[in-house]
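Following the hints, complete the assembly by docking chains B, C and D onto the known chain A.
4 protein chains.
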Amino acid sequence: MSGNTFGSHFRLTTYGESHGPALGGVIDGCLPGVPLTEALIQRDLDRRRPGSGGLTGTARKEADAVRLLSGVFEGETTGTPIAFIIENTDQRSRDYEAAKNLLRPGHADGTYLAKYGRRDYRGGGRASARETASRVAGGAVAAAMLAPYGITVTAYTVELGGIPAAVVKADDAPDRPFCAADPAVIPAWEARAKAAMAAGDSLGGIVEVVAAGVPAGLGEPVFDKLDARLAYALMGIGAVKGVEIGSGFAAARATGATNNDPIVTPPESNHAGGILGGIANGQPIVARVAVKPIPSIAVPQRTTDIHGNPAQIVVGGRHDRSAIPRVVPVVRAMVLLVLADLLLAQRRLAP
Amino acid sequence: MSGNTFGSHFRLTTYGESHGPALGGVIDGCLPGVPLTEALIQRDLDRRRPGSGGLTGTARKEADAVRLLSGVFEGETTGTPIAFIIENTDQRSRDYEAAKNLLRPGHADGTYLAKYGRRDYRGGGRASARETASRVAGGAVAAAMLAPYGITVTAYTVELGGIPAAVVKADDAPDRPFCAADPAVIPAWEARAKAAMAAGDSLGGIVEVVAAGVPAGLGEPVFDKLDARLAYALMGIGAVKGVEIGSGFAAARATGATNNDPIVTPPESNHAGGILGGIANGQPIVARVAVKPIPSIAVPQRTTDIHGNPAQIVVGGRHDRSAIPRVVPVVRAMVLLVLADLLLAQRRLAP
Amino acid sequence: MSGNTFGSHFRLTTYGESHGPALGGVIDGCLPGVPLTEALIQRDLDRRRPGSGGLTGTARKEADAVRLLSGVFEGETTGTPIAFIIENTDQRSRDYEAAKNLLRPGHADGTYLAKYGRRDYRGGGRASARETASRVAGGAVAAAMLAPYGITVTAYTVELGGIPAAVVKADDAPDRPFCAADPAVIPAWEARAKAAMAAGDSLGGIVEVVAAGVPAGLGEPVFDKLDARLAYALMGIGAVKGVEIGSGFAAARATGATNNDPIVTPPESNHAGGILGGIANGQPIVARVAVKPIPSIAVPQRTTDIHGNPAQIVVGGRHDRSAIPRVVPVVRAMVLLVLADLLLAQRRLAP
Amino acid sequence: MSGNTFGSHFRLTTYGESHGPALGGVIDGCLPGVPLTEALIQRDLDRRRPGSGGLTGTARKEADAVRLLSGVFEGETTGTPIAFIIENTDQRSRDYEAAKNLLRPGHADGTYLAKYGRRDYRGGGRASARETASRVAGGAVAAAMLAPYGITVTAYTVELGGIPAAVVKADDAPDRPFCAADPAVIPAWEARAKAAMAAGDSLGGIVEVVAAGVPAGLGEPVFDKLDARLAYALMGIGAVKGVEIGSGFAAARATGATNNDPIVTPPESNHAGGILGGIANGQPIVARVAVKPIPSIAVPQRTTDIHGNPAQIVVGGRHDRSAIPRVVPVVRAMVLLVLADLLLAQRRLAP
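Protein chains in written order, with the numbering used here: chain A, 1 to 351; chain B, 1 to 351; chain C, 1 to 351; chain D, 1 to 351.
Chain A extracted, bound-state conformation:
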């Protein structure tokens, strides 16, 4: 009930502050017999590191080296909990001393204070983007478990700073700058990003994620629909403010005649995003998330201190200028976690 565990059957529990000794997690419920190594997890972790995309990232350089502590024996999972740890090695807490009593607009400073009556002012604590390293590690284990079943998840950026990609060429997206869906849009995004950086400002964008190979029949009716679970997983990512499935908000402007997908082989459209009545229909599952511009900006902002006195703040520190592309592997990881959990829950994976 305290928000740090995801899933019931493939269950990821995470811990760790951005400036504490370590962060990590425990995965409970992974099938036995899955080949798993630290290198396999590390590969996905490296993709969410600062500087891994085209947009200049944070100045903070962490090795983010993952170590497995349990649940793996002779190179395969045993069915017992898989614990992993990522030690924090580059913690410059003193950067935060200056502004420790000011609430940063758009951040969780004030709401954490309201909830807990205290906060670890060294960085964002649990609200830091660093927390997502544990999600990506969990997603890497889920991907390893699902691979033999032909289930794959791909995420990429379809819009940045208001500039959409014209087409989606998903295959190489994770290796492109910005994880861009379309290589042709990269120059325009680079220009947009440079302008934002020069202004001390930040950008938002839209990430799309596609899950292929999900068997028809997966999902639950009524409250616990597959799309409801995806919405929960994706809206639970820090900077996400909107989630849509298939045609999403465009469906609200369509009519039944244009929005219904005729049931033909092969399918001619996928307005439903692969889900009908909360249950997968066998087509690819498609979702999009709206990522807000990160709130840490160098522009002076009006705020208050923790005692309620008016103040002005200019956020320094080492920050990304957009959650994109670092959020892209996190979006992918969350969808993997949803599918691993539900496939286990619904007995779709042997044994």
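Hints were generated in silico from the structure; no laboratory data involved.
Predicted, not measured: the structure shown is a model, and the values here were computed from it.
Idealized CB from N, CA, C, for every residue including glycine.
Errors might be hidden in some of the hints.
[Said to hold, decoys possible] The following residues of chain A were derived to be distant from chain C, with all beta-carbon distances above 10 Å:
| # | residue |
| --- | --- |
| 1 | 65 |
| 2 | 73 |
| 3 | 269 |
| 4 | 270 |
| 5 | 302 |
| 6 | 347 |
[Said to hold, decoys possible] Not the full set, but computed from the structure, chain D residues with beta-carbon under 10 Å of chain B:
| # | residue |
| --- | --- |
| 7 | 8 |
| 8 | 9 |
| 9 | 75 |
| 10 | 79 |
| 11 | 80 |
| 12 | 81 |
| 13 | 344 |
| 14 | 345 |
| 15 | 347 |
| 16 | 349 |
Just chains B, C and D now, with coordinates in the frame of chain A:
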């Protein structure tokens, strides 16, 4: 894990098919001492009945009379489970015999079959909109429990068939045709609805919901954010394909300087929709949902039968031409259920 | 979290007070395709009715007629929630008026008052033995689902009023007076029961339950052991004060050499009760529960009223003189519910 | 659902094999502001170490040094997950090579193999008693959180090898050999233990646990009774085969007149063990557990290998001769975890 229970502390379990003997539910966890009558629940149920809005509804007329079976003694809740039942009185199953072997496009017929290996072909079974009566009844109990704490939830329609309302005048919205946010838009919506009906087609729209009085500090960090819970609850409504919080998808096109809400008293903006870092900040909580056009249309559609043979279908029966306005009280109910559950979980309600 | 739901995958939610309009429940998660009728449930319900055993039961005569409301179509379960209702028809609440302000020793009157700040003084409310009718109905559905897998559960009385049965002849036990394990002990138990009744006093006893056909490998390690789940299920029955598995408390007095079961075919002993390390080993699962004498006795007792003033109470009303044999089908039902839930959770049942 | 998490509101997730790199856990849900240090946890861990009791323990010597990784800032908990790690430093896996293909009677070797299709044959893996170090660490945090509320839990041994303690003098029990309830019984227990050791055999016993300061009204009705939760927690300890509350199995032989506790001030008896109808009545909560003799004995035993071939086994390695006294702090820890979880769930702790 089977999808028919919502919440953990204020927990609603529902049952019932559209053409079975009855539908109903059990609410477990309501505080003792809440004044509760059948009339109070009935009032909200009547708001989601066919014909309650301006758009011509289904021809099916159900009294939808609710009966309380337990958990209330001398006019107040006792803290034990509150069971309610709504008997089905108008079941014309023979309407469905003709098309019982055809899969309706945009419906859950095929996915239920894939999941369960069988289906109750008399109407939508659990996927029927009738199921939402139990949600509304649960929401009415939640509203009664929350009322003394000054927490209120209001929902209204802000767009229909692609035509947005220009302004939001929330106060009388539940009593207006379409639960329209703006009375001025009603004539345009009526014209749009009539045209759709004449074409045998259907319309989608957008519903907005606002929760006032939610205390700052409510919510959980990381996976179980308040906005994640709302997204889960709202995406779990049958026709919903998108959910956004605060500025939502518009935030993806904003910059940090324009999207951050300055922390000033009184607040000057609410782009965050009342939630930062997954936790309420004390401002009103604002969400919007995209409602797809209902898939039951009189236009001929390509489909297959349950054996996979190509076929054509024209959906008859007694159907709404839009999920709006009937979905509006359901949206409100789901937000009430989220808040009741979380407020109890986080010890925000005495005792 | 409110105690009225059992299980996560085969989930029974119950409701209803002994003197309200009805009691009943909702079963969510039952596999589709299980043959199920009201008559099948009714048979098990009739076994827990007053007067069904050898010991004179309560004077209250309820038909306890069950009605199915959902989840069954054409004689088989559909996979959707199965709701059932048992209307209360014989409610003589006035019996309770006289003592409504006195706390009955050994009863939950005082603790419910401490918890809820109020209580339904007409009978035991939710703490009434009548609540167990819903458990037995749920167990009947579980039994129907498990039958094709060769899993059966049998319960019988092995001790009453301090007099043990010499041997266990389980086959006809449910049809014998007291559900006695051994027909030879019945005359002694009848004499003991008559003496207790004459004295206005009540008796306790011990019930044994055996589950056959449970596959090796069922159960979870560490906290959620199969024996832990059984202990939870059985200790959650009103009058139960002790639970043991296999040799139980006798194991505390044995040594490793005598308590270990040699691993031979066929097995020569079952001190482990079919469970090792929390996981079934394929032998029959054996548990015993200690049932306290029911606290409603005609002997004058010292107590207080709800304001704390000393008082004397003689409990009248219509009460059993022992929870045995009515508790026997409840013990069986709880074990069935545990197994149905866990077998589904661990993907041991197709599909 | 995979057994390695305990509790929902004060939630302990554990990981680690006896012969892997480390073991540890994550506590989620602890209130903020609780003073917490590694030394405080270490003190309880030292009490469950080999050689801490009077009975000769295992030859394995582990420092069991705990390190805190998150959730504590400036000496107090922050409300975020508290992760701890205990590195394994003394792993002599080669001890197990000889018997790696033999199933040890009374152990979980065969059932783990049936469940997972593989096992980490180096020691007991997750079924090792070493796993309980994480439980004790979790209990230490629970104790710290509950201390300001006057809630304390004490456990001690009341019977060993069939020899009961005559009286209970709880105060110094944790520091006595065997955690004996009565210092006078120690010589007899030492003689019994020496005889068992000489014979290569092992002993069982009975541990009692008392929780003081639990507020009246704590607990849930029906399925989720406080005693049901305690039974679940205690039966989930490796060697435990029986659990009783208050008079327990003795209640089965009493009558209502002798077993009912009169409601008088001060109380004259506590047959109920502080729980009525599943809810605490304000008296001390009393439970007892039956601990089986540990199955690792030097006596030759009949068994099979993992392929089903008959074999004989003599278990070597470094093993305790009884689970007592090492199980005593584990029993205490589990009761602390139950109370911490339930007190948070029921809003009995501020805020």
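Which of the listed hints are broken here? Of the numbered hints, 6 and 9 do not hold.
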